[in-house]
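Protein chains: 4
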Amino acid sequence: MDVFEQWESDVRGYCRIFPTVFKSASNARQVDENGRSYIDFFGGAGVLNFGHNNMRMKKAIIEFLESDGVAHSLDMSTTAKRDFIEAFVETIMKPRSMNYKLQFTGPTGTNAVEAALKIARRVTGRRSVIAFSHGFHGMTLGSLACTANDYFRNAAGVPLENVTRLSFGHPLDGMAEAYADSSSGLDQPAAILVETIQAEGGVNVATREWLKELQQFAKDTGALFIIDDIQAGCGRTGDYFSFDGMGLDPDVICLAKGIGGFGTPLAMNMIKPEHDKHWSPGEHTGTFRGQGISFVAGREALRYFEDGSFLDGVKTKGARMNERLQDIAKQHSVHWFEVRGAGMIQGLDTKDGELSKKVVAACFENGLLIGGCGTAGRVLKLIPPLTISDDDLNEGIDILENAINKVAEAA
Amino acid sequence: MDVFEQWESDVRGYCRIFPTVFKSASNARQVDENGRSYIDFFGGAGVLNFGHNNMRMKKAIIEFLESDGVAHSLDMSTTAKRDFIEAFVETIMKPRSMNYKLQFTGPTGTNAVEAALKIARRVTGRRSVIAFSHGFHGMTLGSLACTANDYFRNAAGVPLENVTRLSFGHPLDGMAEAYADSSSGLDQPAAILVETIQAEGGVNVATREWLKELQQFAKDTGALFIIDDIQAGCGRTGDYFSFDGMGLDPDVICLAKGIGGFGTPLAMNMIKPEHDKHWSPGEHTGTFRGQGISFVAGREALRYFEDGSFLDGVKTKGARMNERLQDIAKQHSVHWFEVRGAGMIQGLDTKDGELSKKVVAACFENGLLIGGCGTAGRVLKLIPPLTISDDDLNEGIDILENAINKVAEAA
Amino acid sequence: MDVFEQWESDVRGYCRIFPTVFKSASNARQVDENGRSYIDFFGGAGVLNFGHNNMRMKKAIIEFLESDGVAHSLDMSTTAKRDFIEAFVETIMKPRSMNYKLQFTGPTGTNAVEAALKIARRVTGRRSVIAFSHGFHGMTLGSLACTANDYFRNAAGVPLENVTRLSFGHPLDGMAEAYADSSSGLDQPAAILVETIQAEGGVNVATREWLKELQQFAKDTGALFIIDDIQAGCGRTGDYFSFDGMGLDPDVICLAKGIGGFGTPLAMNMIKPEHDKHWSPGEHTGTFRGQGISFVAGREALRYFEDGSFLDGVKTKGARMNERLQDIAKQHSVHWFEVRGAGMIQGLDTKDGELSKKVVAACFENGLLIGGCGTAGRVLKLIPPLTISDDDLNEGIDILENAINKVAEAA
Amino acid sequence: MDVFEQWESDVRGYCRIFPTVFKSASNARQVDENGRSYIDFFGGAGVLNFGHNNMRMKKAIIEFLESDGVAHSLDMSTTAKRDFIEAFVETIMKPRSMNYKLQFTGPTGTNAVEAALKIARRVTGRRSVIAFSHGFHGMTLGSLACTANDYFRNAAGVPLENVTRLSFGHPLDGMAEAYADSSSGLDQPAAILVETIQAEGGVNVATREWLKELQQFAKDTGALFIIDDIQAGCGRTGDYFSFDGMGLDPDVICLAKGIGGFGTPLAMNMIKPEHDKHWSPGEHTGTFRGQGISFVAGREALRYFEDGSFLDGVKTKGARMNERLQDIAKQHSVHWFEVRGAGMIQGLDTKDGELSKKVVAACFENGLLIGGCGTAGRVLKLIPPLTISDDDLNEGIDILENAINKVAEAA
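Protein chains in written order, with my numbering: chain A, 1 to 411; chain B, 1 to 411; chain C, 1 to 411; chain D, 1 to 411.
Simulated from the structure, these hints should not be mistaken for lab results. Bear in mind the structure is a predicted one, so any value in this text is a computation, not a measurement. Treat the hints loosely; a few may be bogus.
One copy or two, it doesn't matter: identical chains are merged, so the pair holds either way.
[Stated by the list, open to error] Only pairs whose alpha carbons sit at most 25 Å apart, straight line, appear in this in silico SDA-like list of lysine to any residue: (1) Lys358 <-> Glu283; (2) Lys94 <-> Asp2; (3) Lys23 <-> Ala60; (4) Lys277 <-> Asn154.
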């Protein structure tokens, strides 16, 4: 570990939680340089929905490389991008009767959110964005202003303005009336920015009713309704979008993480055509917008959604994860553990950051990679690759259960 | 082009300047789907220092993929990252007696700049950053505040605060005294953020004297001196850093674009150890910080700097580019063209955005990809791959010369 | 009216509502240059608690002038200021066992609020202030940020930052918990700034319970609890402070308007000694802080509070005002009029800005000066001098009643 | 002094410099409660241009009081205000062929500046105001943002935004071009706000040439040109406006301090009619805008300007002050004292705040009230009443000279 300690910045975090040097990885397994194999419930923080080194993607990428495909194209047109767009339109948008324009922003989630905020402010001519407690949207100043956690916010070193914070999941009684009152002192919102499931915030799951209320509130105030589906989208919940079937019609949808499929960066905003036309060419740019490898892998990822079998599998495995966690919670009823989630994003809220930290460490010792989220990291978040085998899934949960038993007994 | 027009966002820009669909690319050549080949003087906006589909990198990447290397690792430790770090330390830092900690930020330039601003504000406890007219540092709100161009700034939709703007290259007479005066009304700066060569801003080259004056000003005011070497670094000027040999000692150096080598994203800040220790673990994060493919390709890129021969070649080709442009300027002395640059970033300032636009179009017609920069895009910027063959370089400049002749005659 | 139309700024407002030229005034009567007499229910927007040209004050001022008293002293010590301070301590503070330091700010309410915000931010080291919908605190940028009304806010021309807005009178369930959660994304408050009765905001009267809840919330979050008693204080409600007897213990109390007594400017903050010591000398200044005439008149005003008889009279007259308004409301039950107030600040909420405007105009026609407040001016606000005679009070309400009858019938 | 120490806020400043309790005052003399008489070179910080208890004003005020004149009128029309306006138009504006609308803002300088900034931002639709190092414009957040001194700025507790700071008196070479360049990163200014003589800032006198350059710069950029003549206007420099005869044509002129004449508050903006029409009625308000006593006294003040004799006297006395100070400076050439000023505002820059403080203290001991200004208070500022007798003026300077000799010798 010397090289990292000596030369890499002290800001690094996950290497302290998973203190080894990884050498290879395949589907839901990572192997360190000593040959030790770990089951991966961390899933690249939501990126690796289709597993490490997904075979189909790997094959497609190597072919692309060997054919001298255009690896880097900014926002020029390439055949690889066209293939991706066509597949996305056919596989995802058409079956849902969706009509959106696709913007490839800088290839990270934070860049997608920044671009979404820009277009919302441009369309409405307003500054203030409504975001939510426990929300996470990125680290650059525009999206960081929408992120709730103090630890990240304090690193900004400047006031984070132009955001009004509401309580996630809290009913909006009378809000539209308050905003309509010219003596309320409330800034008219440019946008409402929400995650349907707050992943980093603690696997907090919004109800359909509340999301519809939010959408109506956006309509009433003339704000854009933006869903940040960066971690919960791309199949994670058992549907392609986390809000499929809820009757929602967002103005902008932010995607990243799982959209590229292989772990190489890609980010894409879906924007209603009537809003998109407010952009002028090149007004929001970024060097790495056109990622050939990510387009190729992302195109392969879309094949998983050509029929419903893959998502059915996600639902089945998600139900099992939930059941097992409910069991664990029941066994430890004295701790008031709480299970939350949808599909294959499941959280076990231990209500106790210290306990959670010890469980994470014990899991690592026993060959499972899992991370904490929520305030003080007190929620154990399970986001294995959607392609994980039943055996690995079961074994991973066994390790988790044992770790919890051990830690909880000692507490 | 239909798919892009129908489904891709109107914000796309370069596809309008280079209106074709690219299918493959090799070193300094891009080929469209009709088989037409273009010489590339655009170089992925500074990313493709080692050419499209660089053979050595391609080979290394395919091997990495076939061995199931860890493609995505956030800030966990991997063998691929260690190889990169070791090579960077040995090849770049040690020969220069440099001592920096390396931070892999989110993999785009704007993310590197945002992280650099955070650490500067953290270290100094101050808010205000000094940036320069014509500077370009990215599109997210923190770095956009430092970017000078109105077209980009207006897209923010919110006031861009906490930045004081000075004139690039303008002497700093009396500035330190002014800042020391408690009645000056000037905010003490957290950082001075500067490009040694403003690439997007119009290929404006700072003198060594001015940069040393700036560095002294930073010392006098207690600000961090940050060089954004994202476009001008990684060999572009004929040295590894654009400021090599100037006797500068920046507190933070921002790198991206060329550091990954192949066109896949990577960004890295070099931070003086005494500043780096102000970070707390995980305070600045980002999903795509650990890019295996980029580490592998970037490690290959570093081999070009193991001895001086590659950089000698850059200097030789750069000198030729400059000579040819000087000749062109002389032929059109009536237009007061101006040539500026260093190594293989060279700009021809036509002083006329309309003329420049026509030249770009004429070049494209004749098989050369070249972009404009500076106010109204009036400066033709030549940043071919450093690995371009002499023949392609000459042919490209011939095409440019003919285009200028044609357009200038018609004007 | 020519001179005003020709030379005075278009920004003037009240002269349009009361379109005549006033020449003299005495207690609750103003007389215009044509000799027409008006009963004054407007009371100088809350300044003239002791009537126009209060005889005792007038006498004291003339004596002061004839003795060459110090009319203007900034924050130097003068005998006139000492007399005022001593009387305030003896008459107001000691009977209430209050311990506050007195700060004479620039002599307008907005200046007092700005100073209060400064000390709160200094004491806490925080930026954000909690203020309320329908609140009114002044027109300069610091206090305007706390003012809710859009009409005033839009005139700023800059974003009004560093204020979080809550709904006036709305229960604070779970707020302290939310603020204690490091993932709430809520800025820790420097202060809670509240009027016990929102005068400009529509005569909205806070309950004792809610105010105590607010005070507890301030304690829980470490914020200063600031009561802006500028319009409701100095005897207006039948007590000296509007919150007398509520068991409140504010950190800062802002006074202005009635404190000077005669209509000449004065403003004074009462600050808990432990907070006051955070000021450095001269850090918050202002040319007109030491107003000799206002000190002399203000000292006379304090004599009204040496025993309870004056306040008893206020309570009696206030009760009568309320009864009469309740009667009027009852007669017009079809309009859902609502009566709100305390002591001699009483509002009749007509729920209809157009109707209210017509009533104001009809009153003026018939010799009564009265103003509207609240959203669209829909609330008729009665704030006659506390010294008004029973006859003038009755006659004024008769005029009002007739006007309402006339306007309501026509509606 | 006990009462003040015990009950008045620690923020008070001047009472520490002049540690006695004043009881009466007449023209250029203040007398403390022990009967000690002081010559007043402090002049109420520029308010008392016509002396303490000016006989003509005192008489007019008492008559006004005895006739029950309207002491407080907000922005209603009164005969007293009309008299003032008519006199101002006839005496000041018409002889200068000026055409301005008069806005009576809240009656302090800071309120006038806040109103001026609002109208400038409204007219231009821009946010950023250009202000100058060493400038002083008030303590409320809008004007404080324009004030340069750190001591005052730090008390804000929030970032002071929307102001760009330039160096006072520094040539503007190339500024208009820089602002016209869309890649300069400079915000287009809403206004340029300048004092022709920075009084609090250290008696820094702008040249006519620089002011004309500024005005041209404002025109070129479409900004409003605002002169803050609050301390230097109303006769102080030997002309009514400090910029009389310079060929300037400001868009807005801010007046306060001397405009009311007697020491009671008044503030007035003069606004070009084409700008004034951007106000909506009542958009900028304030309780104490209509000050009857100040109108009456201010109307008397205007009589001093009906012919040139008074201003001639100011010029003569100002010249004497300057000569005497030059002599003093010459005697102490070893200290590099510098004399600056115009008319009866004269400053002796001692270049040493500690020395200056001792001189102020020694003057007080010997019966002279004088204040320091500029960085660390190093500049002794002489602003006696314009009506001071020759004897008092000479005696005051004698005291000052002796104090300097004593202190300088000891240094």
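- Message: Let me make sure I understand: some of the numbered hints might not hold for this structure. Which ones are they, in numerical order?
- Response: Violated hints: none; all satisfied.
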